[in-house]
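Chemist: One-letter residues, chain by chain:
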Amino acid sequence: MTPRLSERIEAFPAALKEQSELNAVITDTSSQALAHLDGDGTQGPLSDCLLAIKDNLNLVDSPTTCASWTLAGYISPYTATPVQRLLDAGAAIVAKTNLDEFAMGSSTEYSCFGPTRNPYNPDLVPGGSSGGSAVAVAAELVDAALGSDTGGSVRQPAAFCGLFGLKPTYGRVSRYGLVAFASSFDQVSVFARDIDLTARVFEVIAGHDPLDSTSAAEPVTSFSYDEEHARSLTIGIAREYEHEGLDEEIGSRYRNLIKFLKSEDFTVKEVSLPHTDYGIAAYYILTTAEASSNLARYDGIRYGMRARVEGDLEGLYTDTRSSGFGPEVQRRIMLGTYVLSAGYMDRYYICAQRVRRLIQRDFLHAFKEVDLLLTPTTPTLPFPIGTKVDDPLTMYLSDVFTVPMSLAGVPAMNIPMGQSRGGLPIGLQLTANYFREETIFQLSRFIEQRYSV
Amino acid sequence: MATNSLDSIMEKWEPVIGLEVHAQLATQSKIFCRCRRTYGAAPNSHTCPVCLGYPGVLPVLNEQVVEFAIRMGQAVGCRVRSLSRFARKNYFYPDLPKGYQISQYDEPLCEGGSLSFYMEDGSVKTVGITRIHLEEDAGKAIHGLEDESYIDFNRCGTPLVEIVSEPDIRSPQEARRYLERLKQTLQYAGVSEADMEKGHLRCDANISVRPRGDGEFGTRTEMKNLNSFRGVERGLAYEIRRQVDILEQGGEVEQCTLTWDEAASETHLLRTKEEAQDYRYFPEPDLVPLEVDPDWVKAIKAELPELPAQIEERFTRDYNLRFQDIEILTRERELAAYYEAVVDGGVSPTEAARWVLGEVLRVLKEEHQEIGEFPMRPEALSELIKLCSQGIINRNTAKSVFDIMLTENLSAAEIVKRDQLGQVSDSATLEDTVLQVVSGLPAELERYRKGETRLLGFFMGQVMQATKGKGDPQVVRGILQRVLDEA
Ligand SMILES: [Zn+2]
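In the order they appear, the protein sequences are chains A and B.
Heads up, the first sequence is in our numbering, so the first residue is 211 and it goes up one at a time.
Heads up, the second sequence is in our numbering, so the first residue is 30 and it goes up one at a time.
Take the hints with a grain of salt, since some may be wrong.
Pair by pair, the computed Cβ-Cβ distance ranges are [unchecked claim]:
1) A:P255 / B:P323: 41 to 49 Å
2) B:R300 / A:P255: 53 to 61 Å
3) A:G283 / B:E304: 29 to 37 Å
4) A:G254 / B:D176: 48 to 56 Å
5) B:A70 / A:G254: 36 to 44 Å
6) A:G283 / B:E291: 40 to 48 Å
7) B:L298 / A:P537: 35 to 43 Å
Derived by calculation from the structure, the hints in this document are not laboratory data.
Backbone N, C-alpha and C define an ideal beta-carbon position, used for all residues, glycine too.
Given only the sequences and the hints, what does the whole structure look like? Please build it.
Modeler: Below, the structure is given as structure tokens:
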């Protein structure tokens, strides 16, 4: 047991109070963490670390809210596999963090606990849906945090908060205990301020879990930096990501990094991902379809909120679900129900599945030629709170650069690339072939060491 | 409602029926979690976050469930897909915790088999099996005395196979026999207890009628809740009458879903075509496609237990019994096994069948017992039958011994000895008795010797009475004949 860690856990509530205006945390679990630490002083790869987890990950005897009234009063009877692996590695889990309700959103504004604020400028959003976890790490309340990334929910807030944010390969990390938004996309993901800790946390949570049959059996290699290996990597640039809506400062940072890599004698190749433009549409059809089914269980019968106890069953369902879910969640449930309906299934769901396969093929083709793809993470810098809440289509476009990797299931990570003239973080994204997270770490480490903005 | 008999209706009209049967598989645990599969346990005592659909949980497929479903598929000659998929069937009901049922949709585990069975007239009927797929059972809603409702989730996640037949069934009797044969096959294959009273077996039907000789199918209705053999027969007869009535009055049958009310002996409309549920099936993203190794299927097929048709054939060949007797003896695997154990005890098959079909089934019926609960071991019954066929006791005595054996834990031989029930066949002892009886009846002896030989029966009766029924009749008759004829 590290005395320093116990002191840090004890100091957490005060630190949290100091940063309360950021509204990053829903539940302070530091007293439970302290009790756990007293119980056994496990020495493990994370035994010096304070961690936070997004509040859609279950921790036994703690509330799991998913930032929804629907789960008011719900206390989890079990711990999620990745969370248990953190605990087994000696980490102290001190907070459950704010998010967009059921992880649906790109700004952490759709939360029944109110919006989380960006530590670089509290008038701006931190990105989402894992905004609370990003802010907890950026504000140095914790060393690292888990989020979940369905279409960019970790990479985008990492870009907005100046952090490393890794979405592993789909199936790398067990989803057992992660409250489902879109099951075939959701992936437990990592935030940290440096690449070493990002890799360390990833290695702890990754690996097959008998409780999740979609988790991969692929072995997890441990990351050790090898400059020669890093320099041997071929970098791909996708012309489809030269987006017209791309922020000027992000664009110039992107081109600048490419120039730097070329100057360091990296092989940089242009590749094509021709189906990129269909990504957003396919993504919203498939994820809302899965969400409409995944969220059917919140009916007020067994746990969570129930709107009333009288009247007929139909009324109980309607009232519970209309008052429990916020507007964005209701919008997606309705959209998802529609795209799966008889007569529309072929036009939407089946078609989107076809697009998904084409996008997967795009990536497989690209990775025959290159080891990594370098792209922007977000089209814009952090935007002011309240500006996109009522404009879902614009909000959905925040994910334009992150969604294709989620459709394909390949690993991708945001790397912080300094700040804009106005002092806001800028991030770029590295994407690797399936199960090649380690390649991302190698180049990130090279950039971290060698490149200065 | 027409008063015509069903037979006369069916002279003009032909029903076309297909059955969808849900059978609970008798696996150790549930289909997607480790909870034990139970019946009659305290409500909600066998549940966990997975089968209760708590936020964040995931299903993990139980391999034994797949094995049992494949075994059933093999028992009815289905092809097993090397790759099948699970799908979500979405609908809201309080007994369905996730708001969807994990089932299989367009890629089921088993396809294309058939089931053959005898009709009462001895003819053989074959019904095609379209598919057998896996799914999970829902919980059970229990409605209280007031307005309140409770839900017991113990049943939730119990593995089911849905067995869908082709529309090959042509009468309510055929439907009943199909269902009986299916139940028998499930039990013989050892994959389900298939007890309809416990809801292990639940039946829905699709039914239409058409004028005899017509090639086209009529508009069909779906009937739910045909959950007893009697219910299947009566419910379908009711619906055939209803449809024929409509058609004979020039109307049209409307596509709809009905539910059979057994107590009221009538159907209720559940929903019309317009109200049909849209289940929004889509591939289950929480489970990987189910891959089945063809070698595994072969191994399961090789280890398949004896099936009803096979045992029927074997009994006919080896035991030379009447068709009707075989049908009853093999209806349940346990009864057939009991019968065979009695035969194996060294008893003639005919004699064993006489006892099992007679005394054993009589007691089971009187006591409302299953053969598994029958207190007399088959070896004990064999021993009793042997005492009888060896002439140590006669048949009437044997029946009394049988009844004593049911309540007292003694062997047939022990009871015969204790109660001194053994037949006396010792000639010297019997000769003494005969001489005593004959010398006590001089008038009758006189008449006999004067030619009234039919008095032999009277003397027999007197001697048997004197031996308290234990005299071996054949020995007694021999001695008596000799004594009477000695002049
Ligand atoms: Zn369970």
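Chemist: Would you mind marking each hint as holding or not holding in the structure?
Modeler: Hint-by-hint comparison with the structure:
1. A:P255 / B:P323: 41 to 49 Å: holds, 43 Å
2. B:R300 / A:P255: 53 to 61 Å: holds, 58 Å
3. A:G283 / B:E304: 29 to 37 Å: 35 Å Cβ-Cβ, so the 29 to 37 Å window holds.
4. A:G254 / B:D176: 48 to 56 Å: Roughly 54 Å apart at Cβ, these two residues keep to the hinted range, so it holds.
5. B:A70 / A:G254: 36 to 44 Å: holds, 40 Å
6. A:G283 / B:E291: 40 to 48 Å: Between A:G283 and B:E291, where Cβ atoms are some 42 Å apart, the hint holds.
7. B:L298 / A:P537: 35 to 43 Å: holds, 38 Å
Consistency note: the structure conflicts with none of the earlier hints.
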